[in-house]
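Chemist: One-letter residues, chain by chain:
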Amino acid sequence: MAMAHVGAAEQTHAPKKRGKKTAYLLLAPGLLWLIIFFVYPLINLAETSTKTPAPTFETGEFVQTFRFMNFIDAFVDNQEQFYRSFIYALLATVLALAIAYPLAYAMAFRAGAWRNFMLLMVVAPFFTSFLLRTLAWKQILGAEGPVVSTLQFLGILPPDATITATAFSVIMGLTYNFLPFMTLPIYASLDRIDYRLLEASGDLYANGATTFRKVTLPLSMPGVVAGTLLTFIPASGDYINAQLLGSPDNYMIGNVINSRFFRVVDYPTAASLSFILMATILVLVIIYIRRAGTDELV
Amino acid sequence: MALIQIRGLRKTFGSVTAVAGITLDIESGEFITLLGPSGSGKTTVLRMIAGFENPDEGVITLGEEEITHLPPFDRDVNTVFQDYALFPHMTIQENVEYGLRTRKVAKAERARQALEAITSVKLAHVADRLPHQLSGGQRQRIALARALVLRPKVLLLDEPLGALDRQLREEMQIELKRIQREAGITFIFVTHDQEEAMRMSDRIVVFNEGRIEQVGTPEEVYERPATRFVAGFLGVSNILEGEASRAVGGSGASISIRPERIRIEPDSYKSSGEESALVGLLTEVAYLGANTIFIIEADAGARISVTKLNQELPSQNVRFATGDRVLAVWRKNHASEISV
Amino acid sequence: MSRWFSKNLIRIYAAIAILYILLPIFYTIAFSFNDADKRNIVWRGFTFEAWLNPCEPIGICESLGNSFKVGITSTIIATLLGTMIAFALGRYNFKGRSTTNLLIFLPMATPEVVLGASLLSMFININVGAGLVAVTIAHIMFCISFVVVTVKARVASLDPKLEEAARDLYANEWETFRRVTLPLVAPGIGAAALLAFALSFDDFIITNFNSGTVNTFPEYVWTASLRGVPPQANVIGTLMFVIALALVFAGQVIGKRKLAKKS
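Residue numbers (numbering that gives the first Met the number 0), protein chains in the order written: chain A, 0 to 297; chain B, 0 to 339; chain C, 0 to 262.
Worth flagging that the hints you see were computed from the coordinates, not collected in a lab.
Backbone N, C-alpha and C fix where the C-beta goes; we use that ideal spot for every residue, glycine too.
Honestly, I wouldn't trust all of these hints.
[Claimed, not checked] Residues from chain A that face chain C, not an exhaustive set, calculated with beta carbons under 8 Å:
1) T21
2) L25
3) P40
4) A270
Assemble the whole structure, with the sequences as input and the hints as a guide.
Modeler: What follows is the structure, given as structure tokens:
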């Protein structure tokens, strides 16, 4: 990168310093922290994933037998939850995009004096507890809540029907949870667009839809990519929404990992599942980033 | 002894050679301009004098002291940056005081000196504002005041007028020249604009591809270009080479003649011993208001352009029309031999 | 009328989206005033009862204190470590750049349940007890990446000429950093610290894996939700919301005053 620009060095002069020692000193503590408390635990998890119960059959005791079949068993036993996790996460991502993009667009180009206020409203959920908000949805959508009673009063819902404990409420909860993570990056990339570009395009293409398709959308793609990743990744591993807003029929892979760890104390299976989840997400993310044409991840 | 001595200075970035070994003396109190196209190495030389880049080879001395590898803050040299580089989070007053503050000048004294510097660039009324509240021209003057308040031995100016519109630019050229004369500080000025260089400089250093092509007063570099590059970069020039050069009695080396030094005569004209002449066909006459340009295709194989000032009406230049056979005539001492 | 409607369609859409975002927040605030029994689910009348006795439910204020302890500690450390990495990435050329970028990106691309599970399995393997220390370690780990990304953007947008100008005006490296670089990057560091605190304070999944028998506020809410969340939890949620809003407004006002003072 830096090499390619030396020809222009005469004009731009942004050569980075080459004090390598300082750079490594700055990096060392943080990277060390990540290596000890992120990379090493993952290695530990990998090690755990091929263990089998100790011959004593004592709860929580496992020995290393390099049983790679653990992965296959874990996947086969929990296929349904895996597929469900990715389908729910995908639907939530699409829904969040559908809500967030017009919202971010309105904030960037149509909000005028309301812009800062809207921005504050979008980040407002960060100011209240995520669990409290999810519990609020449980009440709002619950059997005794206002939505169900209104719909029942209007005769749209039969008297014994519910909204919670369905796929709908879980996906809605996921969408709601990650909406700010979708909206903010899209807003940031739209906000960077020089409005004169859009006017110039309006001048050249004359049509609003074409301007959007040829100029606005491509320029906001980095925001869309970042937003969809920040929604899809945590959504596919979430278990709070499924537990609070769904029923066991809606459980996702996160619920399984959680219960394997805490209720069943089956660490190898939980570890195998974690690895399969992480690997699948990484593969999906890499394919997605390649196709979306964004290389700069961070 | 020259104030600044540069000896064998060389700098490469990766595989690109930015400065290919230059030697230059800069006298105290002079206004010297480093002129060249972008990428010619002039800014890199300036940045090495300032201390922002470390040369790969060579020596720079300032006065008695070698400064080649001193950090910028240990050099009695200050810079006016291309985009001014005013600190956006400090007021104008704080910006101008900054250098005094790092030099531990007492508070009252530095406030006084800063205000004086701001007043000298006629901006005392904006001292409490932030840089983004100023116009481009105002920011330019503040950048100048911020450097001058430190009374450096040498002031480096990196294309400081590049971002200004034409009229403001001309005003600032005069202003800069005035400040330089009054303060008696050495100015090293970088630009790619030859007119700006001619207008302001005591001496011009012409750069190309990391090398110095020529050093001289504006008149010297214009009238006696040493190389083909200089002849072409400062104004327009006719270059005669090979057969065309020999046809006017040259050795075959390249010869440069400025278009305004050539007159056109009928092909019956007999040139004197002090004159050179080439016969050819007048192929183009272009009226440009202040002057008229003629193009002559010489028989000896050169394309000669001639500029005539339109001093009278009707123009005396209508004596010739395209298709005429004419002589291009010039005084021998107006032509100069150039190296390639 | 229909012209007005189609012209303002996107604004109406945005307004509805914002209502959707705010609805559960309003609901949380409203139910802090509910004259509830143990199950704070149905509206039974207005009261200040919960507001007057916020610490009445056993463990609630203790869990809040734990959340603050963990949040403040991990914010300080993560902001420091992350800012250092951001400066290294934004200011220096060094070998291992892409590996560093990957190491920063991966924790953000890893589901929380995996992060939590892997840390717990390590703590189990090396026999370190779960608890507030383990939780703080975990929070620092996942906050670093977010700090790096936020601060790096600010460092990258900083004009290197400003630092050169400072050095030209006789400031040495440290003075340049303190008076020019740091003040210019400070808003980014501030934003990163706020983000880190919000992420830490609100985290449940990773915390729950590593906290053992100690409770943070989100864990208190989770445990309580099995029996019925007391309105005091809504009081705390509301308070946090109001304090955060007040901080934002104070920040805006101070920023404007500074500008007004200078001009």
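Chemist: Determine which of the earlier numbered hints do not hold for this structure and return their numbers in increasing order.
Modeler: Structure breaks no hint.
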